[in-house]
Every structure is written in C-alpha cells, then in structure tokens.
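Student: Dock chain Y against the given chain B, drawing on the hints supplied.
For the record, the sequence lines run as chains B and Y. The first sequence maps to residues 12 to 314 in our numbering. The second sequence maps to residues 12 to 314 in our numbering.
Hints in this document: simulated from the structure, not taken from any laboratory. These figures come from a predicted structure and were not determined experimentally. Where a beta carbon is used, it is the ideal one built from N, C-alpha and C, also for glycine. You may find that some hints are simply not true.
[Unchecked claim] If we take Cβ atoms under 7 Å as the criterion, some of the chain Y residues that face chain B in the derived model are:
id : residue
1  : P150
2  : K197
3  : L220
4  : A231
5  : P236
6  : E238
7  : A270
[Unchecked claim] From chain B, some residues computed to sit far from chain Y (all C-beta separations above 10 Å):
id : residue
8  : V33
9  : D99
10 : D298
11 : E299
12 : I300
There are 2 protein chains.
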Amino acid sequence: MEPVLAVGSVALDTIRNPFGEVTRVAGGSAAYFSVAASFFTDVRLVAVVGEDFGDRGTSLFEGRRIDLSGLQTVPGETFRWKGEYGFDLNTRETIYTKLNVFEQFRPVIPEAYRSSPFVFLGNIHPRLQLEVLDQVTSPRLVAADTMDFWIEGTPDELREVLRRVDVLIINDAEARQLSNEANLAKAARILRAMGPGTVVIKRGENGVLMTCSGDGEFFAAPAMPLEEVFDPTGAGDTFAGGFVGSLAACGEINDAALARAIIYGSTIASFAVEDFSLDRLLRLTQDEIGKRFDYFKRLTYFD
Amino acid sequence: MEPVLAVGSVALDTIRNPFGEVTRVAGGSAAYFSVAASFFTDVRLVAVVGEDFGDRGTSLFEGRRIDLSGLQTVPGETFRWKGEYGFDLNTRETIYTKLNVFEQFRPVIPEAYRSSPFVFLGNIHPRLQLEVLDQVTSPRLVAADTMDFWIEGTPDELREVLRRVDVLIINDAEARQLSNEANLAKAARILRAMGPGTVVIKRGENGVLMTCSGDGEFFAAPAMPLEEVFDPTGAGDTFAGGFVGSLAACGEINDAALARAIIYGSTIASFAVEDFSLDRLLRLTQDEIGKRFDYFKRLTYFD
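Just chain B, with the same shape it has in the complex:
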C-alpha cells in the first residue's frame, strides 16, 4: 500500500435538485477524491480553503487516512459553486462559480509529500498541474483530470500536462472535445497518442471505457444500474479517488490492476450519488464497498 498525493479544489457547494437544496456543503474535486481514496490507502491532500471553511469543514476529513498538512487555510472565502439539476438529473446548470481564495492558489507540495509514488492532479489550471509535476520526484503513476474550460482556454498548457501524465481521467463530452472526434473508441486512441498510456473515459450512467497496455487494448464496464440517483455532484472525482486509491493499495500497475481499479472507482461512485455532498461517503463502510464490488462481478459475469 502506497500513499497518494491529491491536489485540487476544496469548495463549498450550493446544490439544488428535484429532491431539495443544500447550502455551502463540502465539495470540490480534491475533497471527493480524498475521501474516496482514503478507503483504500493514505491520502495527502494539498488544497486551499478560506476561513469560512472552519473546523466543521476540516472535521469531515478527520478520523480518515487523510493527511491535512498540505491543506492551507488563508484569509477570505472558500471556492464556492452553485449548481442546479434538471428533473432527471441529466442536465446541470452552473448558477455561479466564485474562485475566491482559489484564485491565488499555488500548490506548494510539502517536502515530505514530494516523493509520493501516486499523484492525482484534480481539475485545476493546467499551469498549476505542471507546477505540481515540477515539485514531485519520479512518481510511479500520475493521473490527471481536466474540463472543457481548460480544453478551450489553455490548450497548449493542457497538452504539456498530457505529455507528462500516465493516466488521463476525463468524461465523454470532454474526451470528444479534446480529441475532436465523436467516436469514443477513436477518441480514446487519439488522447492516448497525446501522452497518457492509459485513458479512462467516464460515461456516467453509461459506464466507463478505458484504453491501456502496449497496444491500446480496451476495457469497458457498465454503470451500476441505480434505481435512485439523488445527487451526481462529485461522482467523477469520487470515481477517480476509488480508481487511483485502489491502484495505490494494490501496488502493481498492470492491465488487471487497472481493470479492477475501474470497478472500485465505479463502485464507490455509485454510493456517492445516493446523497448530497460527501454525506453518503462519510457513512460508507469497507464492508459495503466489498459487497457492491462483488455485486459488480455478478452484474457483468458471463462465461
């Protein structure tokens, strides 16, 4: 079991959906990622929050395998996001994004973290992702996420990131946009040619498609058939946390470990959507993860 360094956003989210509304609850890519990954291995969280995040916020991470010495608290307000979901949860409108203290964020990796063997670059400015890469010393595996905003706004810096990471974790719309190719199998290969040896395309309720290994072999998993999806916020980062966390716990990096990691990521993401914010993850048990992983086997097994 090896530790994971996670760099990204920690936010206060306001979410409205057909089931209700919550105000200033914990969110952000690094928050979902860290809580999810901490079910598998030790996590070193590097992020910034404002003074409003408070002890109540940081207490969410306590009692877990999450080292908070890289979590800076600075004067001002925490990154805030407000989103509203449509009636079937498949459409989401961003009401506002207030970067606040995140605007001046420069990731400073504590000395003790720099040799972290596994690194996750959450969805932040590619320049900041590169700054993290400049500070770490030969990690075994670097995984990165990104989004449409950076694909459009900072393509050159994003290309530089892609040349330096091992795993790109991206959703289907972003994969199509970044590759300029509608067919996902082709898009995966195009993205792979940009640098990352492994490309993981998150397809939401349509599962996950991964291309990896020497010749770009595919692995595909359906999503868990969920009868009740409550709040999809953070599902992608939770997936990434389960994926990278389980790889770090396993220690080996090969096609079998990557396939298993896809299923652990899908498993833990299937819990995250059952409640608002981190709520379901915070009351999740190892036993529940194990049982749902086994259910995934029954769900997909044939001979």
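Tutor: Positioned in the frame of chain B, the structure of chain Y alone reads:
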C-alpha cells in the same frame, strides 16, 4: 440444439448514410433475426414478400439453417422502408414506410412449425403476435420485440402480448415510453411486472441491460467499442437473433445462459453494423463470432 420459429417482416430497404446509399436491399426484422440466429441453430422463417423480392432476395437465406417453407410470396410489392442517417449515425429519419403486401399479412404457422420450442415475435402488430401465440403449442421460450408505433397505437393488445411472453427485447427509448419511467433500472422492473420474466433493454452504443431470474437480478454488458460503425440498420434484430439463437443452441434457460446469450447477441450485432444491409452477416464465419465473443470476455473481465 432446438429450432427457433421467427415471425416478422422481410423488407426491401433503401438506406442513405454519410458513406453512401443503397436501394432496395434486403431488410426487415425477421430477415436480420433469421440470418443471425442461423449461426446458432435451425430457423423457421414465417413472413411475406412480394413478387419483386425475387430469387435474388430469397437466395440470401439459402445455404443457411433457415427453413423457408413459411415464407409466403404473394402478388404485389414487398414491404419497403427508406431511412436516412445523420452524420454521426445517431439520428435516423424515416423517409417512408410502405407496408405493401405486409398490410394484408396474417401469419400462418405451418403445421410442422407449431411445436417449435423457441419463438421470436418480431416487431409487428401485437394482434398478429397474438395470432402466432394462438397457433403454437407450449413453446419453451417466447421472445418479443415491439416499437413506439404499437406502444402508442395499440396499448391494450400489446399488454396482452406482454402477459404471454417470456422475454421482452426492447430498446431504451421504447422501454422508457412503455414503462412511463425515465430510470432504466426502474423501467426494467416495471416492464417485468407486466409479464415477461426477462426484460432485455438494448441501449445501442451504451450496451445492454437485462433483468431476469426470480428476484429481478440485473445483468449489464457494455457495447463493443467500435471505431467504425457503417450502418446500424437491423442491429437490434440481429442482436435478438444472436440472443434467441444461442439460447436455443444451448438448450438450457437459466441466468448463466441468458447472460451468455446477451453477449452472443452483442457480438453478432457488432458485425452487422460494419456494412450495409445483411452484407456483413452474409460473409460472417463461426470463427469470427468465436473470436469476438472471446474479445468481449477480455473487454469486460476483472477480478
């Protein structure tokens, strides 16, 4: 290995897509189904064509395990359909549907076919599907397809069909429409409560979701990641042919056989879309099916 009775349409299709156009090529639910199923078992085809279908048309079925004694040729023109696909093949517009000889079609099941242990009711008027059921004697398994036209137009007769079939094979949009439920897992359970013990939801490039067995356990499979899709016409009926055909070849009907049948259906459908009309299926070999089935295992396997 047991024979399958297939009742449905045989048509002359005109298809335009970004890659070209073909005029009056063989199509129809029973045509795709029969050719696909004949790779696995003996097929008894009951359908009607006009005099324009000709020897060239029927020759497509010859040299295969397809018994044509139930294929009526009557005066007039064969059922004709013309469709046009959008640039990414995900949208399809029906230019015309001319029922022609199909308008007066009444399925007459030859005496020798009436004890067929496996029965497939292609997407035809539910009243005709019921007429078929009235003529067969205690089949082991009846599978049926339907479409939006019958869901809207003849809901009562369709409900009667559902009460009398074992397997409903339906696409995702139709599953949502028939169940009046957007969530597919819930929709599957609602459809199951209408009668069929097994519900198979075809999701196109998003794979297949099945619910079966006593307590409605799910089986889910991703679609083969295809880099080149040429013509999706008939993919659903081809899937059904592989599904029912492989079940009939296996002889056993249980959860394991149903899961394997989903993969055989997906496998053969993944070939059908590689060329216009039945063209790819007509030059397909058992060896190719076996290899792609094995590829499906590698594609989805984890431990």
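Student: Which hint numbers does the structure go against, in order from smallest to largest?
Tutor: Of the numbered hints given earlier, those the structure breaks are 1 and 9, listed in rising order.
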